[in-house]
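My numbering applies: residue 1 is where the sequence shown begins, and numbers increase by one.
Each hint should be verified, as a subset may be incorrect.
Unchecked claim - Taking lysine to any residue and the SDA-like style, the derived pairs with C-alpha atoms no more than 20 angstroms apart in a straight line are: (1) K100 x G20; (2) K100 x L30; (3) K100 x H22; (4) K100 x H68; (5) K100 x H25.
Claimed, not checked - Simulated restraints, written as ranges between beta carbons of each label pair: (6) G70 x G99: 16 to 26 angstroms; (7) P23 x G47: 25 to 35 angstroms; (8) A31 x G101: 31 to 41 angstroms; (9) G99 x Q59: 15 to 25 angstroms; (10) G105 x N16: 10 to 20 angstroms; (11) S48 x N16: 29 to 39 angstroms; (12) N41 x P19: 25 to 35 angstroms.
Since the hints were made in silico from the structure, they are not lab data. The C-beta atom is built at its ideal place from N, Cα and C for all residues, glycine as well.
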Amino acid sequence: SAAPPAPTPTPPANYNPTPGEHPQHWDPFLACTRAIESGGNYQAYNGSGPYYGAYQFLQSTWNSAANHAGRLELIGLDPRGASEYDQDDMAWTLYQWQGKGPWGGRC
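Whenever a hint applies, use it, and build me the whole structure from the sequences.
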């Protein structure tokens, strides 16, 4: 039987989630990727990676995207603990930086 999903961690005290809707939230690539990866569930978890959040980030990929974006407060944060805006921001950062490859090019 599958292991139960890891509980969503409490974000660290130094993390101030960005509220609201990301300007690229409805970009066709982000919308397609969210639908395929998680059905749009920002709390999604897949133990096979493990993969986290709406875009099913590996923690190492999330950390790299956060570093690339200069969002140092996001490094080490479980993506599920980040706001929808911040998950969108890291996905958009990774897409602009590395293209569709990190998600297998399905969208």
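> Can you list which hints this structure breaks, lowest number first?
Replying inline: Violated: hints 1, 8, 10 and 12.
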